[in-house]
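Below are the chains, spelled out letter by letter.
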Amino acid sequence: MTGDPFDDLRREASEITSTDAGARERVWLSALSSAQPSRRLAQLWRARVLVPVAAAYLIAVPIATAVVVDRSASPAGLQFGNDSRYGTLTGDWRKLSKHCPKPSKEVPLRACSEGARVAGSSTIYLNGVAPSGARRITIRFADHSTAAARIERGAFLLSIPLAKQARASDARITVTGTDGTHSRTLALDDLMGLFGFGYMIEHDYRSNHPCPPS
Amino acid sequence: MANDRDRGSVADGELIAGSVRDPERFRPVFDRHFEAVRRYAVLSVGVDAAEDVTAETFAVALRRRDAYRPLTTTALPWLLGIATRVAQQQKRGERRFVRALARVGPQAPFDAEDDNVERLDAQALSPRLHGALASLRVADRDIVLLVVVAGLSYEEVASALAIPVGTVRSRLSRARTRLAAHFPERSPI
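Chains as they are written, first to last, in our numbering: chain A, 1 to 214; chain B, 1 to 189.
Excised from the complex, chain B in its bound form (with noise of 0.2 Å):
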């Protein structure tokens, strides 16, 4: 795996620098990160939204492609930093949302005080996942989805996510500690 982003990485360096100018040559590097920025937003937002928080990533990508600066081997963890943070929008955009319509609307659709926005989608993801997932603060998760499941190095979530590495470490710490309760069967604890 580190070999494939490797080879991948020098090439993402230059096909981004050569996409200044010409955004199609852009492709490449969309369709090499695509999957891992998809799966990484189905697990952040759920997979109703993760079509919108997947293409606004590379939206935002595309705008700064003209300052990108390859601090490390692959673009992904620059793709994933963004796509962070385009979840946090959409996330804060949907409750403002839920909030608005309680205010106004006696039969709103949504409790307000709920965190309902930041619920999952248990449908497509298995329970197990969902509530596993659910159990972690918001913070905690982005980083377990970056470490653990997009693969990358707690320097890279530090860089992506502009975080102390130390921060890193102790978000995960507690993560661990959380998930193990979801995964009893398999936890040593």
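Bound conformation, chain A alone (with noise of 0.2 Å):
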């Protein structure tokens, strides 16, 4: 007498009869052929191919058609991307600095614009950190008309039309300090590039709105 009842079940459990032979090899084969069936197959055919190459397709024809590579937000697509008046969303940002070759006095912004003409679009953005103490950037081009960067919480946006054949090295940037004082002027191709400054050119293809005046 032991006392207690799962002693009884235990023993009670252990008189069940074995199965025989035939039904355990019943059993594996038939657990060995529902391991490797086609519809395992099938299944690992659409998670382990069919579902990376949509999630590739997905992905990579987007930028392909975009020739844009890096939809990554910058400070000033974040800032500005969604601002009623650019009438964007963040996700409209693209960069197109990474296949795009440096403005210089050989390259003209527009060289920059590719993804912008493949859009159709007219104006190209320029944005990055602005300098500190930095109350106004002014954009001088060619045919001396002007452009005030919007800035914001240290990021500046410019918009550059296209219509302008601006090169970098004829549009020329003033910056205006707190304190009410001129930097030298310097072109953009100067600027461009330094790590203060901030180097990066974006486009709102979807949109085209021209940056209005800050």
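No lab work stands behind these hints, which were simulated from the structure alone.
Take these hints with a grain of salt, some might be off.
What the hints assert, rightly or not - Simulated coverage check for chain B against chain A, where a stretch passes if three residues somewhere in it have a Cβ under 8 Å from a Cβ of chain A:
#1 34-47
#2 54-62
#3 170-181
Said to hold, decoys possible - Computed list of chain A residues with no C-beta within reach of chain B, every gap over 10 Å:
#4 Arg46
#5 Val49
#6 Val51
#7 Leu58
#8 Arg172
#9 Thr185
To be verified - Estimated spans, in silico, between C-beta atoms of each pair:
#10 Pro23/B <-> Ala23/A: 16 to 26 Å
#11 Ser14/A <-> Pro23/B: 27 to 37 Å
#12 Ala139/B <-> Glu152/A: 51 to 61 Å
Every residue, glycine too, gets a C-beta built ideally from N, C-alpha and C.
Hints are included, so try docking the two chains, each in its own frame, into the full complex.
Here it is in structure tokens:
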């Protein structure tokens, strides 16, 4: 007498007869076959081939067609991208700089706008980190027209109409400090690539809204 | 018994790892644990469905063998954890089938609200064992079978069923009280 109902249960359960060898073999073959059926192969095919291919297609095609390789948000893209005046969403900002030759005297800005031309747009945007103490950043084009950058929270945004046929070396940038002093006028291609100034060319090619004056 | 399990356990992990490329190499693991899994299936779903549940258990194990991580010294807790879920699915499937029959036919063979599908094979088991197991809640019965019949530790059961060890203890305690009523001549209660 054990006093434990579990012992009785265990004893009675142990009296369950073993199955015969034929049944055991049948179970093994059943398990083995169901583990390797065509259904299983189809599942593997879907999981390991179709899904990755579909994912790669969904990712690669938009990038390839836009001639854009990097959708990561820039500081300016994050700040200005949601501004209703630009009529755009953050997701529409594309960095063009990776496949863009650095603007120089020989290379007009337009050369950087391959993606823009593909999209049929008219404006590219320059943005980056504004120099500390900058209150105003002005760009003057070769035809002497000017445009002011918008500055917010340390980031600037400049719009450059492609119609200007601007070359980076012709576009002159002036930075006005909070105390009213002006920096010396710099060529855009001198500024681009400077770590402190930032350097990024983006294009909003959904709306193509020109950058309004700040 | 513990020695037997320990002796087999190291080989279980190695065999399962070795079977990833060749499923036939899973066979020793199958042979080692077949009876334990089948006995559990018989007590859980009855003799008639036990073979299906056992086969499906090993089929699932074969499909998931590449993800097997030997947390314990034997693969038996892993297999019985799979068997528990397979048995639950089987019962749910039976329940749906019985309810579907009740909806579509006036002469349905079962009362859908009756828990007939939970029945055990009374003809194959002793009446007392059948009555004792049938008196338990399904969740409690799974625990009892794993601990008492299959001989798993509380920790192994908790790992196999992904539940806290405290839950295992409380369900066992509740089941012990209920089972005592079915073995009165041996119970001190």
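Checklist entry - Which of the stated hints cannot be reconciled with the structure, identified by number in ascending sequence? => result none
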